[in-house]
Structures are given as C-alpha cells and as structure tokens.
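A.B. asks: Take the sequences, apply the hints, and build the full model.
2 protein chains.
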Amino acid sequence: MNSELTEMLGLEFPVCGFSHCRDVVIALSKAGGLGVLGTARYSPEQFDIELSKIDEALDGKPYGVTIIFPAAKPDAQPMDPESLRSQVPEDYWDYIGSLKERFGIPLQSVDGPGDGAVNAYPLTRDHALAMLEVVKKHPVALVSSAIGAPPTDAVEELHALGMKVSGQVGDPKHVQRHLDAGVDLIVATGTEAGGHTGEIGSLVLTPQVVRAAGDIPVLTAGGVGTGAQVAAAFALGAQGVWMGSAWLVTQESDLPEPLKELLVKASVSDTRRSRSLSGRMARQLRTPWVEAWEEEGAPEPLLPPLQGVLVKDAQSAMLRAQGGVNSGTPVGQIVGDLTAIRPVRDVLQEIMADSVEAAERVQNAYSGLI
Amino acid sequence: MNSELTEMLGLEFPVCGFSHCRDVVIALSKAGGLGVLGTARYSPEQFDIELSKIDEALDGKPYGVTIIFPAAKPDAQPMDPESLRSQVPEDYWDYIGSLKERFGIPLQSVDGPGDGAVNAYPLTRDHALAMLEVVKKHPVALVSSAIGAPPTDAVEELHALGMKVSGQVGDPKHVQRHLDAGVDLIVATGTEAGGHTGEIGSLVLTPQVVRAAGDIPVLTAGGVGTGAQVAAAFALGAQGVWMGSAWLVTQESDLPEPLKELLVKASVSDTRRSRSLSGRMARQLRTPWVEAWEEEGAPEPLLPPLQGVLVKDAQSAMLRAQGGVNSGTPVGQIVGDLTAIRPVRDVLQEIMADSVEAAERVQNAYSGLI
Numbered sequence: 001m002n003s004e005l006t007e008m009l010g011l012e013f014p015v016c017g018f019s020h021c022r023d024v025v026i027a028l029s030k031a032g033g034l035g036v037l038g039t040a041r042y043s044p045e046q047f048d049i050e051l052s053k054i055d056e057a058l059d060g061k062p063y064g065v066t067i068i069f070p071a072a073k074p075d076a077q078p079m080d081p082e083s084l085r086s087q088v089p090e091d092y093w094d095y096i097g098s099l100k101e102r103f104g105i106p107l108q109s110v111d112g113p114g115d116g117a118v119n120a121y122p123l124t125r126d127h128a129l130a131m132l133e134v135v136k137k138h139p140v141a142l143v144s145s146a147i148g149a150p151p152t153d154a155v156e157e158l159h160a161l162g163m164k165v166s167g168q169v170g171d172p173k174h175v176q177r178h179l180d181a182g183v184d185l186i187v188a189t190g191t192e193a194g195g196h197t198g199e200i201g202s203l204v205l206t207p208q209v210v211r212a213a214g215d216i217p218v219l220t221a222g223g224v225g226t227g228a229q230v231a232a233a234f235a236l237g238a239q240g241v242w243m244g245s246a247w248l249v250t251q252e253s254d255l256p257e258p259l260k261e262l263l264v265k266a267s268v269s270d271t272r273r274s275r276s277l278s279g280r281m282a283r284q285l286r287t288p289w290v291e292a293w294e295e296e297g298a299p300e301p302l303l304p305p306l307q308g309v310l311v312k313d314a315q316s317a318m319l320r321a322q323g324g325v326n327s328g329t330p331v332g333q334i335v336g337d338l339t340a341i342r343p344v345r346d347v348l349q350e351i352m353a354d355s356v357e358a359a360e361r362v363q364n365a366y367s368g369l370i
Numbered sequence: 001m002n003s004e005l006t007e008m009l010g011l012e013f014p015v016c017g018f019s020h021c022r023d024v025v026i027a028l029s030k031a032g033g034l035g036v037l038g039t040a041r042y043s044p045e046q047f048d049i050e051l052s053k054i055d056e057a058l059d060g061k062p063y064g065v066t067i068i069f070p071a072a073k074p075d076a077q078p079m080d081p082e083s084l085r086s087q088v089p090e091d092y093w094d095y096i097g098s099l100k101e102r103f104g105i106p107l108q109s110v111d112g113p114g115d116g117a118v119n120a121y122p123l124t125r126d127h128a129l130a131m132l133e134v135v136k137k138h139p140v141a142l143v144s145s146a147i148g149a150p151p152t153d154a155v156e157e158l159h160a161l162g163m164k165v166s167g168q169v170g171d172p173k174h175v176q177r178h179l180d181a182g183v184d185l186i187v188a189t190g191t192e193a194g195g196h197t198g199e200i201g202s203l204v205l206t207p208q209v210v211r212a213a214g215d216i217p218v219l220t221a222g223g224v225g226t227g228a229q230v231a232a233a234f235a236l237g238a239q240g241v242w243m244g245s246a247w248l249v250t251q252e253s254d255l256p257e258p259l260k261e262l263l264v265k266a267s268v269s270d271t272r273r274s275r276s277l278s279g280r281m282a283r284q285l286r287t288p289w290v291e292a293w294e295e296e297g298a299p300e301p302l303l304p305p306l307q308g309v310l311v312k313d314a315q316s317a318m319l320r321a322q323g324g325v326n327s328g329t330p331v332g333q334i335v336g337d338l339t340a341i342r343p344v345r346d347v348l349q350e351i352m353a354d355s356v357e358a359a360e361r362v363q364n365a366y367s368g369l370i
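Line order of the protein sequences matches chains A and B.
Mapping the first sequence onto full-length UniProt numbering, position 107 (from 1) lands on 107, and the numbers just tick up by one.
Mapping the second sequence onto full-length UniProt numbering, position 355 (from 1) lands on 355, and the numbers just tick up by one.
Derived by calculation from the structure, the hints in this document are not laboratory data.
Not one of these hints is a red herring.
Once the Cα atoms are required to be at most 30 Å apart in a straight line, the calculated DSBU-like pairs of lysine-lysine come out as:
id : chain 1 : residue 1 : chain 2 : residue 2
1  : A       : Lys173    : B       : Lys265
2  : A       : Lys30     : A       : Lys53
3  : B       : Lys265    : B       : Lys30
4  : B       : Lys61     : B       : Lys260
5  : A       : Lys260    : B       : Lys173
6  : A       : Lys136    : A       : Lys164
7  : B       : Lys30     : B       : Lys260
8  : B       : Lys137    : B       : Lys53
9  : A       : Lys173    : B       : Lys260
10 : A       : Lys260    : A       : Lys100
11 : B       : Lys173    : A       : Lys265
12 : B       : Lys100    : B       : Lys260
C.D. replies: The structure is reproduced here in structure tokens:
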C-alpha cells in the first residue's frame with residue numbers, strides 16, 4: 001500500500017489500531033499496522049511498565065500511544081482525586097448509590113494502578129504531563145492527542161525525540177488549532193465512532209478535514225471496520241484509517257468474555273451517544289448503565305472531569321464483578337459488523353484483503369476513465 | 001461509468017438527484033443523471049401538470065418521482081385536511097400562534113395546489129393512491145417510495161407499466177421488507193442526509209445494506225455532494241448515489257434567494273435533526289423555527305401526519321413572505337460544501353470530474369494490488 005501514513009511510520013498497512021489493551025497493541029504492530037495504546041486507565045508508573053513490555057515484544061517495530069491533554073489552562077490549580085470527589089454534588093453520589101443497588105454492583109471501592117477500569121485517573125493537566133514524561137523514555141513512533149489540540153511545547157519536545165504527533169477532530173473548524181500546534185497527522189473522527197465523538201458523519205467530515213489540513217495527511221476514524229471503509233477512506237482523500245471498535249472482540253482483547261459476546265451480538269442500531277461515562281459525549285453500547293442516565297428523573301451527567309470521578313468505582317466494579325454487560329462500553333456503529341472473536345492478525349488481514357476488492361470495485365466502475 | 005444503476009435506467013452518470021422543483025429535475029435528467037421529483041407539495045391535479053411539463057421538456061429522457069406511502073392500514077379511515085386539523089390539540093395551535101407573532105409571520109392561511117409549501121398535502125393513503133394514478137399516466141422511469149416499503153400491489157402495477165421502483169432505508173433491518181415488496185433498487189440513507197433520516201452514518205450503513213440486499217443494487221444517500229463521496233460509494237459497494245441538498249442552491253432551484261444565500265453560508269455544523277416539520281425526525285438547517293421547538297417550555301412535536309398539518313400554513317407564509325430564512329428547510333450535512341449558486345449541469349459535471357480524481361486516488365493507493 002502507498003500512503004503518506006505508511007511512509008511516515010514505516011507500516012505495511014495504512015491502519016492505526018487503537019486499544020486500551022497492551023496485547024492488542026503488540027499484535028497490531030506485529031501484523032503490519034500501528035498499535036496505539038489508550039492510556040486513560042493507567043497511572044504513570046503502570047504506563048511505564050506497559051510501554052516497557054511493548055518495547056520488549058515489538059523489538060523496534062513502531063507503535064503509538066494516546067495522551068489526553070485537558071483543556072485546563074497551564075496555571076489552573078492541580079486537581080487531586082480527593083478534591084475532585086469533594087466537588088461532586090451530594091445528590092449525584094445518592095444517584096450512584098441507587099444505581100449500585102439496582103444493578104447489584106459490589107459496594108467496595110476499586111482503585112489503583114492497572115485495575116483495568118476505564119478513566120481510572122482524572123484527566124488533569126498534571127496527569128497528562130506525568131504521562132508525557134513516561135512517553136519520552138520509550139521509542140514511541142506516534143503520540144496522539146485524544147481530545148483537543150496538543151500543547152505546542154509538548155509537540156516540540158516529542159518532535160525533538162523523533163516522534164510524530166497526531167490530533168483528533170470531529171469538526172473541520174478545529175483543524176487550524178491542530179496545525180498551529182504543529183501536528184504531523186490529523187484523525188478525522190466521524191459521529192459513527194465509539195468513544196468521544198461529534199455529530200458529523202465520516203463521509204462528509206473526511207473530505208472537509210482533508211481540505212482544511214492542506215499538506216498534513218488525514219486519517220478517517222469513525223465507521224471503519226471492514227475493507228470497504230478502508231478503500232472508501234482513500235476515495236475521500238484520507239491517507240489511511242484509525243480503527244478502535246474492531247479490536248474489542250479480538251482474542252487478545254482483555255475485555256471480559258461476557259462483554260465480548262454482547263458486542264458480537266449487537267447490531268448497528270445498538271449504540272447511543274451519551275455523556276454518562278466521562279461527561280463528554282461518547283458513543284457506547286446501549287447498556288442498562290446508559291439507559292439509567294437517560295430515563296425520566298435521572299440527573300444530567302456532570303461536566304468533565306467530575307462525571308468520570310463520579311462513575312469510576314461503579315464502572316470498575318461492573319466490569320470486574322459482572323463481566324461488563326451492564327456498564328458503559330465505548331464502541332462505534334461498526335459494532336454491527338463484529339460477528340466473531342478472532343485473533344488481531346486475522347482481522348487485520350481480512351480487512352486489507354477486502355479493501356483490495358473494494359478498490360477493484362472502484363476501478364471497475366471508473367473503467368476507461370482512470 | 002459502469003454501474004447497475006446506469007444500465008437499469010439508461011443514464012450517463014450514476015446519480016439520482018432529488019428535488020421538489022420541476023426545473024431542477026429537468027436539468028438533472030438533461031445533464032445525464034436522473035432527476036427525481038419530490039411530490040409532497042402537490043395536489044394530484046398539480047402533480048399531473050408538473051409531470052406533463054417534464055415529459056415535454058425531456059422528450060423521452062428518463063426521470064423519476066417519489067411517493068410517500070403512509071404506514072396506515074388499507075382499512076384506515078380516510079383523513080381529510082379538516083378532520084386532521086380538528087385532531088390537533090388546542091395548546092398546539094396556541095403555540096403556533098405565538099410563533100407567528102414572534103417571527104412576524106403573516107396570519108392569512110396559505111393553501112391550495114402548487115403553493116410551493118413543503119408538506120402541503122397530508123400524507124394519507126388516499127392521497128398516495130391518487131398520486132399513484134397520476135404516475136401511471138406518465139413515462140416515469142423510477143418511482144421511489146420515500147418512507148417505508150411500498151405496497152406490493154403498487155409495485156406490481158408499476159412494474160407492469162415498465163417502471164422501476166426503489167425504497168429508502170436508514171437501517172439494514174428494514175431491507176427485507178423492501179425486498180418482499182419487490183423493489184428494484186434500495187437507497188441507503190445515512191444520518192448525514194437532509195430530510196427524514198435515521199442515526200446510522202453512511203460509511204457504516206451502505207455496506208450493511210449492500211449485504212442485506214443481495215442481488216438488488218443499492219445507492220448511497222446522505223452525505224453525498226462532492227466527487228469524493230461518489231467514488232467512496234462504489235468502494236462501499238453501492239452502484240451509485242442519491243443526492244438532494246446540492247440542488248437546493250442551483251440556479252434552477254425555486255427556493256427563495258435569501259434562503260439559497262443562507263444555505264451557501266452555512267457550515268457542516270449548521271444542521272439539526274428535528275421532528276418540527278413533519279413529526280418524523282428530519283435533518284434541516286438550524287433556523288429560528290427549529291430552535292423554537294427545542295427551547296425550554298416548547299411542546300414536543302406531534303406525531304405525523306398531525307405535525308405537518310399544524311405547521312403547514314406557518315411554513316408556507318415564512319417561505320413566501322420572509323424568503324424562508326426562519327422556516328424549516330430540510331438539508332443534509334453536505335450543506336457545508338455548497339458554496340455557490342450554479343447551474344445544475346455545472347454542479348453535476350464537476351462532481352463527476354472530481355469523482356474520477358477520487359477514483360484515481362484509490363487506484364494509486366492500491367497500485368500493484370489491483
């Protein structure tokens with residue numbers, strides 16, 4: 001495959017694969033894509049351990065990480081978990097208590113490094129900077145800013161170490177601030193995506209972001225999970241794709257088996273956009289947790305980072321004690337195309353083979369014109 | 001272009017162009033696409049006149065029409081406009097009155113054949129059958145069922161006259177009922193679309209509908225307005241595209257000039273999904289009308305057909321007296337790509353030329369593999 005992404009990062013396939021699971025990241029990079037580790041669940045100490053394991057397993061093959069840089073100003077007060085907890089209104093703790101009772105969630109607090117919970121650490125600037133220091137110690141090929149444009153000084157530090165930096169946008173009007181920050185790559189995330197996402201569909205978003213990005217290459221994210229979408233991304237002007245949902249149901253994924261099976265059974269209509277996990281709008285599986293925040297009389301989710309602080313323990317406990325079938329699970333509309341639990345390598349190879357067929361469909365339709 | 005759509009209907013380009021405006025339909029079919037006339041604004045008598053004018057202008061070139069078959073059972077009571085008006089709760093008329101005052105809408109009732117209003121006629125079964133009788137008198141190439149699967153007997157009658165029939169779906173689970181009805185073509189309408197639309201993005205929807213449709217060809221609708229999306233549709237497995245929004249701002253379009261200019265200025269973020277026009281969820285420009293139905297204390301829009309009955313006069317008056325800048329205007333997310341008022345032929349030719357470039361991008365990326 002010829003693309004600016006494969007050239008920039010030395011990849012066989014133009015696919016960045018996002019996962020919170022280290023083994024998925026390793027398998028993706030070994031299979032010719034770029035595994036990108038989501039870091040929201042790690043302490044800086046545990047993150048360092050995870051990256052060392054990846055370094056050892058990949059032996060020089062490229063991989064990436066995400067960092068969530070919060071929008072807070074540099075001079076904002078540091079926010080430790082306890083002071084954040086104290087900012088949550090009392091009636092919200094009451095509502096969480098009622099949900100714990102309703103869903104039979106174990107009441108003990110689950111916390112600490114590497115506990116497997118989503119959003120285990122508050123998305124503060126201090127946390128982001130601590131994570132950045134860890135990144136700088138490892139041979140990371142791509143650092144992706146998951147929300148908002150990365151700070152310019154962080155981009156410069158990473159560039160000095162030979163790392164590439166990408167930013168995600170859900171609206172073309174945000175492209176300029178990423179260009180100003182000096183990113184090397186922009187991920188255009190359509191409304192179809194799992195996790196934090198906007199309202200603009202990928203088919204419209206990618207070409208608009210490509211135009212706004214000028215010479216900076218763009219990837220299509222949101223709604224990508226089969227070969228047809230990979231070929232379509234190139235038609236839309238992208239230089240590759242960013243995929244997350246497809247890896248959730250792989251053999252390497254550390255999601256509980258009951259949750260993997262729920263995802264395999266889900267249809268394209270079984271997701272919702274909801275602020276119930278982090279306070280930001282995120283597409284996720286329509287589970288009892290999500291519905292509990294939409295029902296009559298439910299409180300409006302708090303703003304970030306407080307909603308994440310509020311729900312963290314309950315989410316961890318639901319994932320551990322109940323296999324995650326009730327909890328909030330970020331996943332995109334492509335969930336309807338995930339129909340079996342397979343190894344990462346098989347999934348990636350099938351997607352790429354199917355994308356060649358999709359490219360042939362385009363070639364045939366335009367036969368004599370191209 | 002080689003596609004099942006161009007072969008089925010004898011077209012130069014694999015593009016169905018939907019418009020409520022007769023002159024746009026004529027220009028589209030003359031330029032090598034298939035103009036498809038939206039019929040929601042016409043009485044059967046006026047519809048007959050419009051089709052006669054199209055027949056004369058096109059002189060045998062193919063064109064299409066939409067018909068809205070309501071979900072009502074065959075034995076449902078006929079619903080005349082007056083009995084429908086009497087079913088609208090009094091406080092809803094009060095709210096319309098307050099909106100007329102707020103927006104300075106002229107108070108006279110605007111009604112009658114060809115008055116230019118959207119949804120000028122209630123979407124009843126009787127009305128649909130009367131429209132069907134008109135269609136049968138004209139050399140229509142494609143009859144598109146705009147909401148839900150068409151009745152099987154209607155499909156058979158149209159087939160007997162040599163016409164093709166298409167149905168629109170926003171969810172792959174609805175494909176089977178269209179296949180059972182005997183349609184020749186399925187239009188997969190993604191959430192990006194203007195007008196009635198679901199929540200599934202086109203990038204995910206088209207491949208799923210293609211799989212569900214088996215041998216029946218599929219078009220991509222929703223988010224299509226530039227050449228990139230036409231080529232992407234073929235990558236996704238479609239045999240062509242269905243476009244509506246792009247024609248709103250053409251020179252041939254009969255939208256008021258102030259509204260055309262508003263659309264040209266709008267960005268991709270300037271649409272909303274709202275039930276405020278017909279009672280069904282429809283994507284439209286975010287105008288004061290739409291916002292008035294979302295604000296604190298506004299009543300929940302009525303179910304169809306009552307919401308359409310309720311808002312008809314106000315919509316007509318806003319369109320006629322105010323150039324449509326406040327009223328509800330169905331348009332898709334592609335509105336951000338509409339940046340000039342041009343002739344239909346120029347728009348179509350540019351889209352097709354750009355789509356050849358998009359196809360070349362795919363060919364280059366997969367060079368050596370296809």
